[in-house]
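Novice: Based on these hints, arrange chain B on the given structure of chain A.
Now for the letters of each chain:
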Amino acid sequence: MKLKILFSILFFSINIFSEYKFETILSNLDDAWSFEFLSEDKIIYTEMPGKLKIASLSDGSIVTLRNVPKVQYASQGGLSEVVLDPDFESNKIIYLSYSAKNSNGKSTLYLMSAELNEDSLENNKIIFEAKAPRRIPVHLGAKIAFLEDGTILLASGDGFDHREKAQTLDNHFGKIIRINKDGTIPANNPFVDVEGALPDIYSYGHRNMQGLIVTKSGQIFEHEHGPRGGDEMNLIEPSLNYGWPAITYGIDYSGAVISPFTEKEGMEQPLFHWTPSIAPSDMIFYEGNRYPKLTNSFLVTALVSKDVKKITFSESGKELQESLFSELNSRLRNIQASPDGLIYLMTDGPRGKLIKVVPEGL
Amino acid sequence: MNIAKYPFAVLSAALFTVMLMTPISSLSNLIWLASVDMPVGIISSVEVILFDFQRLGIALFGVIIVGFAVAFSVAGLISKYTKFGGIYLYAIAGSVAIGLALILMVELLFQTQLLGGNRTLIGKILHWGAGFLGGYFYFKLISEEKNYTFIIRFLGVFYAYFILGLVLNWVFTPEIAAAEFGFVLSELSSDAQNALLRDFTSFFVATFLFSILGVITLNPVWFFSAGIIYIGAGIFNLIAIYAHGTGFNQIFIGEFILGSWPIILGLVLSYKQKKA
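These protein sequence lines map, in sequence, to chains A and B. Count along the first sequence from 1, add 3, and you get the number used in this note's numbering. Count along the second sequence from 1, add 3, and you get the number used in this note's numbering.
Just chain B, same shape as in the assembly:
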């Protein structure tokens, strides 16, 4: 467990940093929109912040993982072989990792500033600050004794983070969400629109909440609940294809993955809890 906690601490710190970084772009964008008299309100702000946390965040997550993995390894070596060490070494390493990652994304990859919030000096400083706190958080995680629940919780949170994208689509942009499943919302009857929106939205919100409740309570039943719903969707997808002739729909692969993930978490939890 002691070895396993390091990579999961990197992943956790990266997700924590994503949570701090994405609102910087969201807020800088919202401030600009308000400055040109767009009707920015609470709901539109929440929509932008949550969507950015999920969609922009997932793109940033990979970049930050690589940056943190290198930076924290170097910080570990410095800590081991020199007199420097402690929480601020890791915090500075996190800050440098984010600063360098954002520069390299422009200079080596895209040539343009893909991260809107990083176009101003204050935005850059805030991003470095987010990296600093990410490093701080990492050190806190590796300084404590961890057991298997640390990994279960991270995987549960990451699962919920993934599902969050579907939740947001159905809550804020149902027309686009429906189109991704082959529906042209405006062409459906009013009753059909209502049924589609309420059922799909509750489907994704429920599985999101089940996984969050699983993370909080560490009760495997919540993970099993989320898993059963997706496995069920996968099974009935196959029945629809082969018994009702709806045509092949490869979404069942994703449904089985989304079902298996929480079920494995639930099984591990059950096993460990029984053993204990």
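Next comes chain A alone, as it looks inside the complex:
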């Protein structure tokens, strides 16, 4: 019996270590929030206090970019997402989401485009200011994704104290926004002709969205933090209401009931929900082949469960989940696949790390 257990442990260990190991590439990142690959060797990444940096993964050299927008770094706010324009190779345009104070001194979410030069940003242009003023920068969402037609999706969170406004269309609390690259509004947006609705709204009834991706097939997947329980993964369609806070699987942090209802006609159900919460923080759909077991699966980083959830769907639509990389025991903030298909993880907090998941045989 003991021998059997010993062999099992040995096999399990070999199995784990033969699949991948971890290599810390960068450390002491100051509240890093997101990153993108400029090339196999270079990443651009944000730090919440308002720093945008380019790092070389081979020699560790870091360039801090100039002319970055002034942000409001407080609570959950600061410089958030950075993404490259789909035509970045030719136009060098990047997009940044961040929190800053508006003209009335209230905190809100901004989206800016800028041209990336060697060590600075040029032609900065604010292309979106959320009509979602709040006392302090919380529940901003701030995730960015591109649709196939080149329009931009931006997640705008519910602002915590304003959760009920996620159900009305005259504001940007708890909405996914769709705009053109220059900030104009696409003529085929779902609420363009609805009186009283903001024309840039794409879907509504969201809470604090931290994962937003568009797959090659054009499907939009989003995940959002629930309160205590009820973190959701959703398939996003234009004009639909995702229910927050009228329906939810979670309860308030205070223990109060947010809603006794979990479903209602006209409100979308999540693909699935995490209860208890895992605090999902980012997501990719991995299509590379460097880790064969992960190909064609969603990889979701989590802050509370401190792991990456590998998610696939069975033919019946039931989600299948597997916990990965929990041995890091770190709050994971961001995940990206390099152009060569290697997975990198960014940890959360004031002394964050960029960790490369090195596959077998590399």
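Read the hints as simulated data drawn from the structure, not as lab findings. C-beta atoms are modelled at their ideal positions from N, C-alpha and C, and glycine is treated no differently. Some hints here could point you the wrong way.
Calculated lysine-lysine pairs in the DSS-like style (CA-CA distance at most 27 Å, straight line) [said to hold, decoys possible]:
no., chain 1, residue 1, chain 2, residue 2
1, A, Lys128, A, Lys95
2, A, Lys184, A, Lys219
3, A, Lys73, A, Lys45
4, B, Lys127, A, Lys109
5, A, Lys168, B, Lys127
6, A, Lys45, A, Lys128
So the derived list for chain A, only partly shown, Cβ under 10 Å to chain B, looks like this [what the hints assert, rightly or not]:
no., residue
7, Ala77
8, Ser78
9, Arg138
10, Phe163
11, Gln170
12, Ile250
13, Ser257
14, Ala259
15, Val260
16, Ser262
17, Gly269
18, Thr278
Specialist: Showing chain B alone in chain A's frame:
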């Protein structure tokens, strides 16, 4: 007893104020849900109000105790050394304590308004009113002669308040309640689901009612009844672990605590009643 009645009066007034405050958040939430055409009915309203009273209430209880302890101590000093005093001094102290506690919870702790019912002016005014009545209630308690039954009753009520959370879970959200005990309700057979729901629900409802009956009648038998059930659960938990090999389950610690609590109340009652 005269000294002991003051802290228990603070605890009692805090629990009374919790009972007044939590429905403010519940009702403001229910009114909003109804405004967006959610099917708010009597059962869903009762569910929200009771759950908030228990879960939100337990979180608020600690905050209110601290606020009241400070406010009523200051009111006591003012009463002793100035010409001001009486029931309205304590009522105002209670109101100020709640108002300040709710402001400080936002400004110093959470930066956001965790208490949904406090987001509107009318909600704030109602909370101050609840604090006012809490102070009023406190003064009433300390103005009267109290004996040991006052403490027994408070501890019995607080025990029932704690058990109420389990009762509500099993009555309104049995799937979640079952999951907390390791069951996936939907994966059980129909008979097993039925057995699980009826037995667990009656277990917690019975112990809740026993403690309430103990508080009302001051008959120690009710407290012993509640205690025996939990002590029994703890003993059979250990038998399950060590005789039937079910694996270690530390819930037995909670079961022994929940069993000992009413048994101690029952023993004190028996002793005092025999002595009398």
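Novice: Each hint should be assessed against the structure and marked as holding or not.
Specialist: Verification of the hints:
no.	hint	in the structure
1	A:Lys128 / A:Lys95	14 Å, holds
2	A:Lys184 / A:Lys219	20 Å, holds
3	A:Lys73 / A:Lys45	24 Å, holds
4	B:Lys127 / A:Lys109	22 Å, holds
5	A:Lys168 / B:Lys127	20 Å, holds
6	A:Lys45 / A:Lys128	24 Å, holds
7	Ala77	8 Å, holds
8	Ser78	6 Å, holds
9	Arg138	8 Å, holds
10	Phe163	5 Å, holds
11	Gln170	5 Å, holds
12	Ile250	8 Å, holds
13	Ser257	5 Å, holds
14	Ala259	4 Å, holds
15	Val260	5 Å, holds
16	Ser262	6 Å, holds
17	Gly269	9 Å, holds
18	Thr278	8 Å, holds
Checked against the numbered hints above, the structure breaks none of them.
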